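Asker: All chains should be modelled from the sequences, with the hints used to inform the complete structure.
What follows is the residue order along each chain.
Number of protein chains: 2
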Amino acid sequence: MRFAFEVKESDLLGRVGSLRVGGRSVETPCLFPVIHPVVQTVPTSEIKRMGFEGVMTNSYIMYSRRREEAAKMGVHRLVDFDGMVMTDSGGYQVLEYGDLGIGVREVAEFQQRIGSDLAVTLDKPTGNSESRSYAEETVRESLKGALKTIRDFPDDPTVWVGPVQGGTFPDLLKRSATALVKAGFPFLALGSPTLVMESYRFADLAKMIVATRESIPYSVPLHLFGAGHPLTMPLAVALGCDTFDSASYILFARRGNYITERGVVSLRQMKVLTCNCPVCVGTSVEGLLGIQERQRATLLATHNLWALRREVEVCKEAIAEGRLWDLVQERATAHPRLFEALEVFTKEGRLLQEGTPAMKERGLFVRGGADLARPEVSIAKQRLARAIRKGSSEAVILTGPNPQSARAAGNSEGRQKDFFRMGPIYGPYPVELDFVYPFTQTVSSEGVSGVTLAEATKMLRKQGYARVRVEGAKRNTLRSKQRSKAVSPSPP
Amino acid sequence: MRFAFEVKESDLLGRVGSLRVGGRSVETPCLFPVIHPVVQTVPTSEIKRMGFEGVMTNSYIMYSRRREEAAKMGVHRLVDFDGMVMTDSGGYQVLEYGDLGIGVREVAEFQQRIGSDLAVTLDKPTGNSESRSYAEETVRESLKGALKTIRDFPDDPTVWVGPVQGGTFPDLLKRSATALVKAGFPFLALGSPTLVMESYRFADLAKMIVATRESIPYSVPLHLFGAGHPLTMPLAVALGCDTFDSASYILFARRGNYITERGVVSLRQMKVLTCNCPVCVGTSVEGLLGIQERQRATLLATHNLWALRREVEVCKEAIAEGRLWDLVQERATAHPRLFEALEVFTKEGRLLQEGTPAMKERGLFVRGGADLARPEVSIAKQRLARAIRKGSSEAVILTGPNPQSARAAGNSEGRQKDFFRMGPIYGPYPVELDFVYPFTQTVSSEGVSGVTLAEATKMLRKQGYARVRVEGAKRNTLRSKQRSKAVSPSPP
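Sequences listed follow chains A and B, in order. If you read the first sequence in our numbering, its first letter stands for residue 4, the second for the next number, and so on. If you read the second sequence in our numbering, its first letter stands for residue 4, the second for the next number, and so on.
A couple of the hints might just be wrong.
It does not matter which identical chain is used: a pair holds within one copy or between any two.
[What the hints assert, rightly or not] In silico BS3-like links for lysine-lysine, alpha-carbon gap of 30 Å or less:
(1) 420 - 393
(2) 363 - 274
(3) 147 - 384
(4) 461 - 393
Simulated from the structure, these hints should not be mistaken for lab results. Fair warning: this is a prediction, and the values are worked out from it, not measured in the lab.
Answerer: And the structure:
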């Protein structure tokens with residue numbers, strides 16, 4: 004098979020995976036830097052050295068400006084990159100500059116001829132349009148091109164990527180994605196989010212991704228077009244985007260903008276470079292401002308790529324460590340518009356459970372109310388509901404600080420009573436779950452409202468216990484951590 | 004004067020400053036990596052190349068193990084560092100290993116002899132003690148040593164640093180700090196937070212810093228001992244700590260731990276290195292695990308220093324950009340215990356106003372309720388209260404989208420009415436403030452509860468307007484941004 008996608012680690016809807024096309028493969032999440040077929044700001048050799056395994060280039064521009072050369076050399080030699088090469092169809096350019104006699108067939112033929120590994124079929128981007136009828140038209144047209152391509156061209160050497168259109172209309176996105184999957188596309192690409200992102204409509208972006216991801220099988224990877232804004236990467240990954248492409252590193256650089264994980268800043272507004280990449284370690288803000296504009300743009304673009312690469316690696320590591328939810332929360336704090344997108348995110352608890360492991364090696368963080376929507380918490384509650392099996396008529400809630408002793412108590416008395424402990428946010432759970440994730444591994448902030456002993460007692464009575472007894476300190480809200488008492492001290 | 008501290012930029016209680024001792028200076032916030040006088044994991048030449056301008060070393064260990072050599076060579080040549088050298092007194096070691104015949108006088112004499120730039124007088128650390136009487140004793144003893152030193156030894160070549168003790172007892176910290184300032188110490192150092200930090204009691208740490216900072220003049224710089232945990236840096240800087248020292252980069256490295264801005268991770272639990280520093284760019288998790296333990300510790304320690312250096316630079320840049328509040332919020336999201344410390348932070352709004360500029364060049368972010376405690380918001384409200392001067396009996400609230408037209412309206416009608424606009428969180432403000440920071444520069448999340456038109460009307464009536472009229476769209480809550488309407492779309 005020419006195409007394979009294997010999920011190795013997952014958290015929420017984010018996955019670390021291996022995407023293989025023919026003899027080439029990339030590890031996902033993966034960013035494909037956009038390479039201009041003619042003007043090259045950062046050499047591909049440099050991009051390769053930085054560790055990028057794939058690049059994206061534009062087949063339309065190549066067709067219109069280096070057609071013969073590309074056909075003869077192949078796209079890999081032309082852009083001087085022997086990793087994975089994805090080509091965009093040029094739907095946007097056709098729209099912008101007229102069709103110049105190039106249609107679905109020509110685009111497909113050309114992409115195959117130059118040996119693209121992954122090629123998007125010719126589409127009609129919805130763009131930023133808020134007209135439903137226009138959005139419908141783009142979905143129809145894009146789908147027509149996609150179906151024609153996949154019917155007329157075998158997937159060798161090129162694997163076809165299905166373009167999902169529909170703009171910000173969820174039902175159209177769904178229609179588009181469903182039809183592409185049905186037609187046999189092994190890989191989809193969500194179009195047109197660039198303008199949505201440029202206007203910082205991150206909540207809308209999140210809804211677009213959710214609408215698409217919900218409509219396609221978990222095993223189908225999803226590409227997000229033009230998603231080079233550093234702030235959106237963790238959110239997009241967590242909602243199930245596997246690959247990205249972006250020319251943002253160049254575009255920002257040309258305008259003198261510097262990418263950080265906290266957002267994009269104008270170099271002229273900066274005092275210190277907040278990065279340890281090879282570019283930044285060797286220079287300073289003054290150093291960059293003191294050189295020629297063209298040279299500065301190249302250095303800025305290179306830094307920007309390092310910064311984006313780092314963000315991808317941070318996402319990958321967060322998935323592997325099971326801390327993707329936390330990463331999304333941290334990054335979302337960087338901008339109020341991104342903070343709004345969190346609401347979409349927390350509403351999708353059920354969807355996010357799909358890829359979230361039931362067991363993790365790290366503590367589970369609960370900072371505040373929004374974290375109660377974590378899929379790990381929901382999974383734990385479901386597990387808890389199944390775990391409570393009444394073995395007697397008396398329940399004992401143990402509130403002592405040491406789970407070990409509680410367990411001993413549970414074992415020694417031979418099940419004449421059922422022993423429970425209190426989790427700060429789970430309420431009463433059987434002592435048998437004491438060392439089961441995440442009951443004792445949950446670390447919550449003081450501010451998070453816990454289940455009270457009175458509530459816990461009521462819950463157990465509801466489950467049929469005639470008697471509920473509390474053993475140990477009767478604190479009102481129980482917490483798993485011992486806390487300090489000083490700072491507002493009293494004499495010892 | 005041998006000592007000078009000049010604040011160049013400030014935000015909250017954080018400052019970018021220049022700290023000068025004799026002919027040497029460092030830019031603050033500044034981290035002094037701890038150099039062991041005998042065993043050197045990362046060469047000082049390397050530390051210098053990384054851009055660190057100062058180091059910290061221990062005069063007690065030097066005294067007990069390299070006394071003659073140090074006296075002859077001087078501390079700068081001994082540790083091979085020509086930047087600023089700060090020496091700790093060894094109070095902790097005296098406590099731990101007995102006094103070995105070394106007292107306040109010997110420690111001071113020795114530090115001066117070896118030519119320390121900054122030297123802490125011999126103190127008795129409170130440590131983690133929760134005994135008030137013991138804490139009182141440590142304050143008394145430390146103060147005695149400090150006063151004796153500053154009386155008996157001129158500040159040349161060495162500038163004395165006054166050790167603030169008192170553990171987590173705010174009144175003792177205050178007593179300690181106040182006495183040191185009164186005695187003429189130009190620079191104080193807050194002791195004993197290491198254990199508090201190691202047990203992740205970040206709220207307590209915040210309270211300790213606040214108690215100290217409140218007791219000393221704004222112009223006196225404050226050092227925080229042993230503060231090498233990456234998570235605490237922005238919080239400590241924002242509460243007014245100017246310099247730090249830490250051996251954490253080595254200690255973590257020896258235990259195989261890797262510093263990130265999201266916390267400290269065991270290398271064995273990692274999949275990918277999430278850093279672009281010179282160490283990480285040249286290797287991988289497998290690469291680091293595959294080498295000898297000693298070599299690995301050196302590489303990890305070097306990476307850890309790069310990571311800490313970056314965090315210091317991020318703080319510096321955040322101060323210069325006026326985004327320190329945002330940075331603290333972002334970083335605090337990384338751990339529930341740190342999230343708790345935010346509460347202390349938001350309570351100190353009045354204190355934080357001291358260093359916060361009234362005008363900033365960037366948008367003001369309001370993500371949620373906690374951000375309403377931002378000093379910028381309070382300053383704006385105070386300014387607003389002064390700005391409202393009733394010029395007529397009729398108030399008009401303009402709700403149109405364009406501030407420009409509102410201004411024109413205000414001017415053209417010759418003040419027969421007073422024109423107001425609605426700020427998303429400020430309520431009605433005079434149109435004259437339209438382009439004044441932060442009234443039109445505030446970017447708030449959808450979720451932040453705004454002032455309603457009804458409330459605004461009531462507020463203006465209270466201020467004596469007989470008539471209050473609304474011109475423009477009567478939306479219930481007004482927002483400064485145009486929002487998208489699609490995603491739950493209706494046909495156009």
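Asker: Taking the hints in turn, state whether each one holds.
Answerer: So, going through the hints one by one against the coordinates:
no. : hint      : verdict
1   : 420 - 393 : within (9 Å within a copy, 74 Å between copies)
2   : 363 - 274 : between (41 Å within a copy, 15 Å between copies)
3   : 147 - 384 : neither (46 Å within a copy, 58 Å between copies)
4   : 461 - 393 : within (15 Å within a copy, 59 Å between copies)
The structure shown violates just one earlier hint, number 3.
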